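Residue numbers (our numbering), protein chains in the order written: chain A, 1 to 386; chain B, 1 to 386.
It should be emphasised that the hints constitute simulated quantities derived from the structure, not laboratory data. Note that the coordinates shown come from a computational prediction; the quantities given were computed from them, not determined experimentally. The beta carbon of each residue, even a glycine, is placed where N, CA and C say it ideally should be. Check the hints yourself; a few may be wrong.
In silico SDA-like cross-links for lysine to any residue, where the CA-CA straight-line distance does not exceed 20 angstroms [said to hold, decoys possible]:
| # | chain 1 | residue 1 | chain 2 | residue 2 |
| --- | --- | --- | --- | --- |
| 1 | B | 206 | A | 362 |
| 2 | B | 206 | A | 235 |
| 3 | B | 127 | A | 9 |
| 4 | B | 206 | A | 325 |
| 5 | A | 325 | A | 299 |
| 6 | B | 127 | A | 206 |
| 7 | A | 127 | B | 9 |
| 8 | A | 206 | B | 176 |
Where chain A lies over chain B, by a calculated footprint (3+ residues, C-beta under 8 angstroms) [as the list claims (entries may be wrong)]:
| # | segment |
| --- | --- |
| 9 | 2 to 13 |
| 10 | 219 to 230 |
| 11 | 237 to 248 |
There are 2 protein chains.
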Amino acid sequence: MENFRFNAYTEMLFGRGQIEKLSEVINRHGRNVLLVYGGGSIKKNGIYDRIQELLKESNILELAGVEPNPRIETVRKGAEICKENNVDVVLAVGGGSAIDCAKVIAAAHYYQGDPWDLVTDPSKIGKVLPIVTVLTLAATGSEMNKNAVISKMDTNEKLGTASPNMIPQTSILDPEYLYTLPAIQTAAGTADIMSHVFEQYFNKTKGTFVQDKFAEGLLETCIKYCPIALEEPRNYEARANLMWASSMALNGLCGSGKQGAWTCHPIEHELSAFYDITHGVGLAILTPSWMRYILNENTVDKFVDYAVNVWHLPVAEDKYETANKGIDATEEFFKECGIPMTLTELGIDTANFEQMAKAAVLHGALQYAYEPLDEEAVRKILEMCL
Amino acid sequence: MENFRFNAYTEMLFGRGQIEKLSEVINRHGRNVLLVYGGGSIKKNGIYDRIQELLKESNILELAGVEPNPRIETVRKGAEICKENNVDVVLAVGGGSAIDCAKVIAAAHYYQGDPWDLVTDPSKIGKVLPIVTVLTLAATGSEMNKNAVISKMDTNEKLGTASPNMIPQTSILDPEYLYTLPAIQTAAGTADIMSHVFEQYFNKTKGTFVQDKFAEGLLETCIKYCPIALEEPRNYEARANLMWASSMALNGLCGSGKQGAWTCHPIEHELSAFYDITHGVGLAILTPSWMRYILNENTVDKFVDYAVNVWHLPVAEDKYETANKGIDATEEFFKECGIPMTLTELGIDTANFEQMAKAAVLHGALQYAYEPLDEEAVRKILEMCL
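Here chain A stands alone, though its shape is the one from the complex (with noise of 0.2 angstroms):
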């Protein structure tokens, strides 16, 4: 295990109409908020409406509208509400979008350049506004951490950056919120989840048996309970387990005492620069074919424990055999959860795997991943996923 720090100190409101405690959360902060969502579900559902009562004595600015990979020009637009109207505090109600997109808004009112500074350099994000969440999607752990992912599509760029004081301060979860998500994006969010875990237990330090252990509880987690709440929408047990599992899965417990880059993510980050696709559907697609290339002498022990201690498949005698199988069962998984699994049904094809690939591997350290891979490397990947 490698030294860290571990400080994971968003308060979370967990469970059933703990948006009841929204207007004292903001409070303490402040009287102007700048309200950040998405498209119009959180008006469908409710959620819009029962934030305005809670917060009638605030003063709520909004900005509306954050796309799915949120971009560079609404941070910029949520940035210069900020410094006209001497916000006190972010209120993000979403997913990862909503949220991430709220983080570097904060981060950019205490910034004299151009937010995208923030996330090409984050030892420029100093000061950031306190951010609050209202979670309505199990996915990208954004509430609870430090990560931010922007786009900046005229370039093609997708990328993350990262800094303690862009931790919320507050994160309401309630899993009833996830009552009416529509099925791609249970399982696309999932996906999500199960990515951030794997990309943290397939990891070359040794003696992280700990972090291990929280690793593989989540995945079963996934693994339970993704199919129930496609089953049964409004199954609360299966939201909750699903949505604390969200946050869990990318809050330092995974990934503390660890070295090495990601690798899905990095790739995948390419494919939504390129496609604008969902996060979460990219990654699973990716997955498999992921795990399939870097199988090797190196690794096939830590696939054996994760087919055995995830996926509870008995071990066979050839140790290939038993990795292999839990791969298999991987995919099998995403599939079985209704996601496309290949980027040809997404109509994606060649024509951009040489520049994806270069770009993964300029931006994603990916020669420090758990197998590092060089551009060739995912150029293959991308072929296999097709």
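Starting from the structure of chain A, add chain B where the hints point.
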């Protein structure tokens, strides 16, 4: 899953040499420091000298000699030192005893009455001085939580209190500090960690899958690494996993979203209050007898989960057989760790059983436990421990 608030905000600095950050951490809070510690072990192993060196710019006041079961007289003494010297931050160096003592001192600083009031009535805890800890024992989890246990020997009382304001600001965890622990402390500390998990895992609330998987993972960690640490006291991996498990076992991860009262802890508090025994030893002795006593149709399925998921035992046709094998494995494990597993071995007989049972029910809210216990039940469990 029940509604909950989770906020484990302590900054955890984990790993070799993290003590080097101490002066930066302390300086955030001020110049006047109350150093709280127990016996002479931190003088023998050099931690005391290193702290003096690192904090040479601070004004250090000392409260030495905190008892293994810290006493209210010591808390009173510490609170007086704080008030007389305008202490800015309380620095606890040691295990749960020093940290628990420091917590109530830090709370008593802002309280006008007798500090014992804060133990009997947690609602009286208001503002609290900032607390920083340097952990030298993996056991109580006090380094990352709101709890403190204080004893009043003249009335044979050992009571727990709690407040979110008593959560330490920063904790420094260097696994190498555990290298020189006496074997019995490594074993008893592990029993304490496991007991914290048991108290939360064996619980009536349904649908807390994430929490239960975390719990099982922490138990597996203890079972894997305690024997290694006993065999090779300087095994970093073993010490690191046990140390991290201690913090994770009682910071809300395993207990959030669950209702109900604990069992073995309130009973053990009576044993310690009457006989001043090592907390973890008392817990280890009580645990298998408590498990056997409460094994019935309501609880057997959970005990089967425990046997299968934690001990990886095969599922027998009779579920009671599986459940009992898990309990037997627990007892055998504590024995193999060198813990005396009967009260008789500690020189404790039935003399005070009646009184202890009464007090445990009075203080422990045992009627809300996983399986509710009355005085007679507690007495019977104590008898099973002879």
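Hint check:
Distance hint between residue 206/B and residue 362/A is unfulfilled; the C-alpha atoms sit about 47 angstroms from each other, more than 20 angstroms. The suggested pairing of residue 206/B with residue 235/A holds, with an alpha-carbon distance near 13 angstroms, which does not exceed 20 angstroms. Distance check on the hinted pair: residue 127/B and residue 9/A sit about 19 angstroms apart at the alpha-carbon level, within 20 angstroms; holds. For the proposed pair residue 206/B and residue 325/A, the alpha carbon gap of about 32 angstroms is over 20 angstroms, so the pair is violated.
Taken as a hint, the residue 325/A and residue 299/A pair is honoured in the structure, with Cα atoms around 15 angstroms apart against an allowance of 20 angstroms. Between residue 127/B and residue 206/A, the direct Cα distance comes to roughly 42 angstroms. Violation of the 20 angstroms bound is thereby established for this hinted pair. Note on residue 127/A and residue 9/B: the hinted pairing holds, with a Cα-Cα distance of about 19 angstroms set against a maximum of 20 angstroms. Of the pairs offered as hints, the one joining residue 206/A and residue 176/B holds, with about 17 angstroms between alpha carbons and a cut-off of 20 angstroms not exceeded.
Taking a C-beta to C-beta cut-off of 8 angstroms, the segment 2 to 13 of chain B contributes 12 residues in contact with chain A, enough for the three needed, and the coverage statement holds. For the segment 219 to 230 of chain B, the stated coverage by chain A holds: 4 residues have a C-beta nearer than 8 angstroms to a C-beta of that chain, and at least 3 were required. Note: the segment 237 to 248 of chain B has 6 residues with beta-carbon separation from chain A under 8 angstroms; the three-residue rule is met and the coverage holds.
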